[in-house]
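Student: All residue numbers in the sequence shown are consecutive under our numbering, ending with 401.
Hint data in this document are derived by calculation from the structure and do not stem from the laboratory. Model, not experiment: these values are computed from the prediction. Check the hints yourself; a few may be wrong.
[Said to hold, decoys possible] Distance windows between CB atoms, simulated:
#, residue 1, residue 2, range
1, T156, T206, 38 to 46 Å
2, Y305, P242, 23 to 31 Å
3, T275, P245, 18 to 26 Å
4, V213, R342, 32 to 40 Å
5, L220, A381, 24 to 32 Å
6, T206, T275, 21 to 29 Å
7, G395, P322, 15 to 23 Å
8, V299, H362, 36 to 44 Å
9, R230, A309, 27 to 35 Å
10, A309, H362, 41 to 49 Å
11, R332, A298, 31 to 39 Å
Don't be surprised by glycine CBs; every beta carbon is placed ideally from N, CA and C.
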Amino acid sequence: MTAPLVLGVFAHPDDETFGMGGTLATLHAEGVRTALWVATDGEAGRHVTDVTEPATLAVVRRAELLRAAGALGVDRVVAPGFPDGGLPDVPRAALLASLVAAIRLLRPVVIVTFGPEGAPTGHRDHQVVSSLAEAAFVAAADPAVGVEPPYDRLAPHAAARLACITWPDPRPGDRHQRRGLPVACRVRVRDHRGEKACAFAAHASQAHHQREFDELNGAEEWFAWRAGVPFPDGATDLLAGLSRPGS
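The whole structure should be built from the sequences, with the hints applied where relevant.
Tutor: As structure tokens, this is what we get:
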């Protein structure tokens with residue numbers, strides 16, 4: 155039987171590493187398959203390269219994403235290339251069709267995305283992706299929701315759980331004061347901080363975020379429940395409380 159799959163749904167290259175890099179590496183070590191759907195190529199973001207053209211930066215950052223995914227043991231990356239910084243202006247139907255097709259193709263047991271607040275930074279693209287993932291979680295299971303060829307023949311798929319990245323309540327003086335949803339799952343990632351560091355190093359154009367990354371590369375990563383099967387009390391695994399076919 156096929157091992158279960160966890161799908162991360164994000165807005166930009168490096169979101170996967172900041173948000174759940176240690177968890178992705180942990181899942182890989184445990185024999186769980188992982189995949190990423192990353193909406194944009196990050197061509198509008200700040201960077202520390204000599205690149206001046208957004209189209210060229212998009213190529214650079216997509217390559218960085220693929221290298222980072224390799225460092226974390228990610229099995230598959232879907233990068234549809236929607237405009238960075240412009241997700242609020244992209245037709246909702248186009249975004250939804252892309253993500254629904256990916257869910258039906260990859261057939262994840264758990265989907266992970268941003269919380270509705272858009273992560274500690276509150277980025278608008280993050281907020282759009284959060285809302286999109288919630289809609290796609292439902293739509294992918296609905297036979298009445300169609301997608302374009304060649305994915306129109308894929309069967310509907312109902313993931314068991316939608317989770318989102320979160321964090322403990324901020325303390326006075328913390329860099330970001332935005333609050334996330336209540337922590338429902340604490341994944342211990344201490345043994346995989348090395349893989350997470352290698353993944354961030356792969357995002358060389360984002361080296362100016364090194365200090366912020368170092369602050370986040372701790373012993374745990376945190377997740378909240380969003381939809382589907384709730385986490386059991388004291389969960390330390392994104393698949394806690396779910397059957398693991400093939401594992």
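Student: Among the hints numbered above, which are violated by the structure, and what are their numbers in rising order?
Tutor: 9
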